[in-house]
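Participant: Residues per chain, in single letters:
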Amino acid sequence: NAGVMQNPRHLVRRRGQEARLRCSPMKGHSHVYWYRQLPEEGLKFMVYLQKENIIDESGMPKERFSAEFPKEGPSILRIQQVVRGDSAAYFCASSPMANEQFFGPGTRLTVL
Amino acid sequence: GQQLNQSPQSMFIQEGEDVSMNCTSSSIFNTWLWYKQDPGEGPVLLIALYKAGELTSNGRLTAQFGITRKDSFLNISASIPSDVGIYFCAGPLAGNNRKLIWGLGTSLAVNP
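Respectively, the protein sequence lines represent chains A and B. Heads up, the first sequence is in the numbering used here, so the first residue is 1 and it goes up one at a time. Heads up, the second sequence is in the numbering used here, so the first residue is 1001 and it goes up one at a time.
It is worth saying that the hints were derived from the structure and are not from the lab.
For each label pair, taking beta carbons as the anchor points, the in silico distance ranges come out as:
no., chain 1, residue 1, chain 2, residue 2, range
1, A, Gly3, B, Ser1027, 25 to 33 Å
2, A, Gln50, B, Phe1012, 39 to 47 Å
3, B, Gln1014, A, Ser66, 47 to 55 Å
4, A, Val83, B, Gln1014, 40 to 48 Å
5, A, Arg9, B, Ile1013, 25 to 33 Å
6, A, Glu100, B, Ile1028, 12 to 20 Å
7, A, Pro96, B, Gln1014, 33 to 41 Å
8, A, Val83, B, Pro1112, 37 to 45 Å
9, B, Asn1005, A, Arg15, 29 to 37 Å
10, A, Leu112, B, Ser1026, 36 to 44 Å
11, B, Ser1020, A, Arg15, 43 to 51 Å
All C-beta atoms in this analysis are idealised placements derived from N, C-alpha and C, irrespective of residue type, glycine included.
All chains, full assembly: derive it from the sequences and hints.
Facilitator: Written as structure tokens, this is what we have:
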């Protein structure tokens, strides 16, 4: 059973471009979470999704950020018009229930 | 945002020594999770605790869920070089099992 997969592992964007981060949860997991981590800091919750539904987006910035988890395919975290402050590691986690969460390797976004 | 308090912030120990770290909160938790994160990787779940007073082991790791439900500790016995990394505690607030609240981590360095 493959673990949580994220791609790309590294993403470089110029200011104003769009960043699309993908997450494939573990097989059988219907809960997906996105987190952001800055260097030397813990993880900050962004959004919690189940298939086709956003359950909790209280950690998402109100502008430029969006997330989806379609019926088919990976979950997508989309950042429009990126700014330098968006540079961080973005982690996706999945769970079969809403407690134990299993993490992917992360996408490291660098905005030039 | 809400955060768990982890201590110590960092530790430098000799190989073979035992390690103890803890995590406290002003709020009650129904679940405590301990993760380890290696550089450039996502967090890996080490131990999950679900019941106040519960003591759970995973190899050389032992974790306990405090009876007040506001704290937890993690012990590592006979440390080895591969124990190096950052250890995070996390948990969903009681009544809200959707998103995890995280500590800032304990950074462990092991001198061989």
